[in-house]
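Go by the hints and put chain B onto chain D.
Protein chains in written order, with the working numbering: chain D, 1 to 77; chain B, 1 to 392.
Treat the hints with care, since some could be wrong.
[Said to hold, decoys possible] Pairs of lysine to aspartate or glutamate, EDC-like flavour, derived with a Cα cap of 20 angstroms:
#1 Lys226/B - Asp241/B
#2 Lys30/D - Glu120/B
#3 Lys40/D - Glu115/B
#4 Lys40/D - Asp112/B
#5 Lys30/D - Asp127/B
#6 Lys40/D - Glu50/B
#7 Lys54/B - Asp29/D
Source of the hints: derived by calculation from the structure; they are not laboratory data.
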Amino acid sequence: MIKPFAAFALLLILMIFIMGSHYVLFPTDKATNIMRQMTKLTHMAPLSLSVAYDESVYNSTYPEMQGLGRMDFIYEH
Amino acid sequence: MNTNAFWHFLSLQLFKERSKHLSIIGISVMILFLLSSVLFISSSLRFTLEETLKVQPDFVVNRIQGGTAVSTPEIWGDELLDIYGVSKVTPRVYGRYFFEAKGSSFLIVGVDFLEEQSHENLQILIDSTDIKDFFNGNQMLVGEGVKAYLDAHFYKDSYNFLTPKGVFKKVNIFKVFPSQTNLIANDMMVMPIDLARKILGYTDDEVSDITFSVPNPDEWNMMTDKVSALHYDLHVVNKNDVQKSYENLYNYKGGLFLILFLVVLATFTLILYQRYSMVYSTERRHIGLLRALGWSINDVLKLKFMETLVVVFISYILGVFIAYVYVFIAGAPLLKEVFLGGQNLHNTLSFVPVLDFSVLTSIFLLYALPFIAAVLIPVWRVSVTDPKEAML
Chain D
1 MIKPFAAFAL LLILMIFIMG SHYVLFPTDK ATNIMRQMTK LTHMAPLSLS
51 VAYDESVYNS TYPEMQGLGR MDFIYEH
Chain B
1 MNTNAFWHFL SLQLFKERSK HLSIIGISVM ILFLLSSVLF ISSSLRFTLE
51 ETLKVQPDFV VNRIQGGTAV STPEIWGDEL LDIYGVSKVT PRVYGRYFFE
101 AKGSSFLIVG VDFLEEQSHE NLQILIDSTD IKDFFNGNQM LVGEGVKAYL
151 DAHFYKDSYN FLTPKGVFKK VNIFKVFPSQ TNLIANDMMV MPIDLARKIL
201 GYTDDEVSDI TFSVPNPDEW NMMTDKVSAL HYDLHVVNKN DVQKSYENLY
251 NYKGGLFLIL FLVVLATFTL ILYQRYSMVY STERRHIGLL RALGWSINDV
301 LKLKFMETLV VVFISYILGV FIAYVYVFIA GAPLLKEVFL GGQNLHNTLS
351 FVPVLDFSVL TSIFLLYALP FIAAVLIPVW RVSVTDPKEA ML
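This is chain B alone, in the form it adopts within the complex:
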């Protein structure tokens, strides 16, 4: 058959039966949109976290008492420095501060701004010319979520922290972190390390934990054993453990949606199969008519295959496009709560676009193959019967 005539007939056929195809496309777009959205969010979060992991310290050690993390002696840092191969030993002071009135919490992080590196990072982040003012008095930098929450509770310029000793500590809000950092800094309050110690109730020689790096990854296992042997109550976590926990978290949530997708797809395929194999359907009569007009079985199958392929492509492109706009342009309202949670502070983050082509191909194959099979098998069974019988 002439190719142009075939495409003309195919497009006419699709257009004529548009109401039938639209319902199938509608359901397919909905399924593909949901699955693609979940996978887009999951891959974007994983990409961003992997990028931040690259600059995170390799190891974290802290002290454990009765199965719970307690304050770590800062002197452990000096012991770590004595081990050959250990570099960049940095004590960290951080902890959650609960805003008792509503049960919401902030993450207080103490930073040693006397370090030159911290100073440089701060300057890049807040892009301020009056950075010297930050070191005058008690100042802090807050995430967008914290700022919005404090504004709503009438703490426009400062906040009064209640220390464990029962003393109020007034800290001014210096600047707000850029919105691009909302994935990690939305609920964060960054302040000088000594101020954080006072608010969280640490003494001068205590820290939350100590981080260090080991430039040679081949030494990591050996270093874990070596550091663990320093103290019986010492707990070591390396970067690989953190990476695994992130992967598990998002694989689990993405996997859950994939299972739901497979269940919905199986149901959808069954419905399609049943619809096309109905004995007195118009499809059957239509195929019989084409056969009576002289179409070969191959021609009929080709027509139905191309018809289904067009429907599959339209649904796929529409589903993925709507998911892309929803996640990377609109910021995935509602669905992002599944991944980030919406119980604490409201987070308005924007996802970094990440298109994982292997995932996109898998979605296409998972969706297209059962769909095409569910249509072509009944069509083939009708095509091989006598046209007179098919038109009955």
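Here chain D stands alone, though its shape is the one from the complex:
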């Protein structure tokens, strides 16, 4: 194997190592625990989405009316 190629292979291995170290060392437990505490406090986990992406707010069939929500669950039972 020629030198420049070997050096490039080492660089790729280094990239995998960096990715692996970040993945292992990231405080996942701490981050999820804080989210859980927040959910326990408010009893809800509403995503901080922009309202433009929350389609349930709009009634696409009758735009002047409010969204119908999920009435299907009532009628289903």
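For chain B alone, kept in the frame of chain D given last:
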């Protein structure tokens, strides 16, 4: 052929024709980076939401009038408590408050801080020694997005809410939630439940909805029927419905990108196939030369297979690495707007790293197999022809 000599020749060959390979690697890295980024964001969001779902109440009931959710009588909570198997009945008061000047909105959430559990959660979240001050006067906790927005509009320490009765209510900003909660708390204002009632226009015996838990999941369907039978205008949603809606939301967005990826990949494969099967290409002459020097068809195929495999691995590792850095270290600027939206408050969240190995393997196979096939089939067709003819 000697293995060392083969690898030496292969690396020399790759290095010599680096400009040709670099263009292919460049396009591949771009495709793989985009797809991996989308899947990383999608799996990270799904993981975080699933974690929060574990501690969410199992059921939510509210009142429906004319197809729209209206305020729910708090007394329904007592009726729910009478049902055998129901526990942790909690009324919720929340609603959106529009900052009329710019059309942006905040989510006001009322919390009953007299509950011991809420008190403990609050202490963990804000890590403050002067928590007693929170209960003196009108105070609220806000998300980072709300704080940044209010600061930009000169509300540094407090905000004057206009209640539906036309009265101004001044509420002080006590603390800001940690940035790790930005996925759900970026646009949130948490305040005592009575204060939230006044700002949102609820009376003392009204709430937005009521939550409860049923510890035995086998009873969930039965409980939905039982609770629905309490009132005709009662609407029940259980945790599974919420989970499904989250999954649909992100599967749809991730799936859309996957379709785009497949379209781009098909085009890329066709271009590669055409390039390698061109009649007077240098590739053809090169293969003919190797055959004339005594290389067997197997040796030629092995060389081209390994050459392609190296290109595939380099592209894959580079694409995934850049996507990882972009999403989990840089916070996926621009692309996160596709998932979270950028119309309301600016959100600077950091994604929890989640590597779904089945997804990574699927990406690799989806990318590598057509790529290798597109190169090897034309190479095999040239290899089996007479070397003299191939070098023409």
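Next pair to validate is Lys40/D with Glu115/B; report whether the Cα-Cα distance is within 20 angstroms. holds, 12 angstroms
(Q) For Lys30/D and Asp127/B, compute the direct alpha-carbon distance and say whether it is at most 20 angstroms. (A) Satisfied, since the Cα-Cα distance of roughly 14 angstroms is no more than 20 angstroms.
Lys40/D and Glu50/B were given as a pair; does the straight-line alpha-carbon distance stay at or below 20 angstroms?
Cα-Cα ~14 angstroms, so holds.
Below or equal to 20 angstroms on CA atoms is what counts here, so check Lys226/B against Asp241/B. holds, 17 angstroms
- Is the straight-line distance between the alpha-carbon of Lys40/D and that of Asp112/B 20 angstroms or less? Distance of about 12 angstroms is within 20 angstroms: holds.
- Query: Lys54/B and Asp29/D: Cα distance at most 20 angstroms?
  - Reply: Between Lys54/B and Asp29/D the Cα gap is close to 14 angstroms, so the pair holds against 20 angstroms.
Worksheet entry | Straight-line alpha-carbon gap Lys30/D to Glu120/B, limit 20 angstroms | Holds. Lys30/D to Glu120/B sits at ~17 angstroms (cutoff 20 angstroms).
Violated hints: none; the structure is consistent with every hint.
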